[in-house]
Amino acid sequence: MKKQIDRGMAVFALVTIAFLVICSMMYYITKSPTYLTLLMFTPAISVIISKLICKEKINDLYLKPRFKNNAKWYICSYFLTPFIALFGTLIYFLIFKDDFNPLGSRYAIEAGIVNTKDYVSSLLVLIPLAILVNPIMGILQCLGEELAWRSYLLPRLSKRYSIRSAVLINGVIWGIWHSPIIAMGYNYGNEHPFLGILSMILFCMIIGIISSYLFYKTESVWCSVLFHASINGMDKWAPSSMFMSEDANKFIGPDLLGIIGGIGFVVIASIAFLRLREIKEYRE
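Residue numbers for the sequence shown follow this note's numbering, so the first one is 1 and each next one is one higher.
Careful, some of the hints might be misleading.
[Unchecked claim] Here are the simulated DSBU-like pairs of lysine-lysine, each with C-alpha atoms no more than 30 Å apart in a straight line:
#	residue 1	residue 2
1	Lys64	Lys159
2	Lys217	Lys55
3	Lys72	Lys97
4	Lys159	Lys68
Note that these hints are calculated values from the structure, not bench results.
Go ahead and model the full structure; you've got the sequences and the hints to work with.
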C-alpha cells in the first residue's frame with residue numbers, strides 16, 4: 001500500500017507541475033484570465049490521470065454529498081463565509097477609520113451613486129444577491145482544486161502524518177502551487193512578489209485548515225467546495241472596491257487576503273485546528 005501511495009503521489013505531483021507550468025506560462029504571455037480558470041481544473045485532472053496510470057480506484061474521492069447530519073456544515077460553508085470575511089472588514093475600518101469612504105468607492109462611482117441613502121439601498125440588494133448567486137458560478141472550478149487537495153492528497157498525507165501535520169502540509173503545498181501566478185502580481189501586486197508568495201502560503205494554510213476540517217467532519221468534498229466557492233465569490237464585491245476611494249494594501253486589508261481583513265478566518269481556523277484532534281485518523 002505504501003509503495004502504491006508513493007507512486008500515485010509522485011505521478012500526481014509531476015502531472016500537476018506540468019499543468020501549472022503550461023498554464024502559468026500562457027497566463028504570463030497573454031494575461032488572459034481564461035488560463036487561471038483552466039488552471040483551477042488541472043489538479044482534478046491530475047488526480048484522474050494519476051489514478052489511471054497507477055490503476056487505482058476512481059470511486060474513493062469522497063464525492064458522495066452525505067447531507068444527512070451535515071446540513072449545518074453545508075449551510076455555514078455557503079452562507080456564513082462572507083460574514084466571516086466582513087468581520088475582518090469591520091475590524092479594519094475600526095482601526096483605519098480614515099480609509100472608509102463608500103461614496104468615493106469604485107462601486108459607487110461606477111453605479112453613479114452620490115448619496116448615502118441610495119448607497120445603502122443598493123447594498124441591501126447587492127450583498128444578499130451576491131452571497132446567494134456568486135458562489136454558484138465558481139463551484140466547478142473549486143471542485144477542480146478541492147478534489148485534489150482535500151479528496152485526494154489530504155487523506156494520503158493523513159496516513160503518513162498526524163491529522164494536524166497533514167492539514168498544515170496540505171495547506172503549504174496548496175499555497176506553493178499558487179506561487180507562479182502570485183509572483184506575476186496576481187492577488188498581491190508586483191511590488192513584493194516574494195512577500196506575496198509567503199502571504200499566499202499563509203492564507204492557504206489558514207483557509208486549508210477550515211476546508212480540511214469541513215472535509216473530515218462531513219467525509220465529503222462538497223462542503224469544502226462550497227466554502228471555497230463562497231470565498232472566491234467575494235472577488236466580485238471586494239470590500240476595498242465597495243468602501244474605499246484609495247487603493248487597499250493587499251497585505252493588510254480590508255479584503256480577506258490581508259492579515260486584518262482575514263482575521264475572522266484566522267479565528268475560525270484556530271478553533272478548527274484545535275478541534276482536529278476529534279477527527280478519526282485516516283490510516284490503513
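Hints, verified against the model:
For the suggested pair Lys64 and Lys159, the alpha carbons sit about 21 Å apart, so the restraint of at most 30 Å is met. Taking the CA atoms of Lys217 and Lys55, the gap is about 29 Å. The hint holds against a cut of 30 Å. Simply put, Lys72 and Lys97 have alpha-carbon atoms about 35 Å apart, too far for the 30 Å limit, and the pair is violated. Taken as a hint, the Lys159 and Lys68 pair is honoured in the structure, with Cα atoms around 26 Å apart against an allowance of 30 Å.
The structure is inconsistent with hint 3 alone, although it conforms to all the rest.
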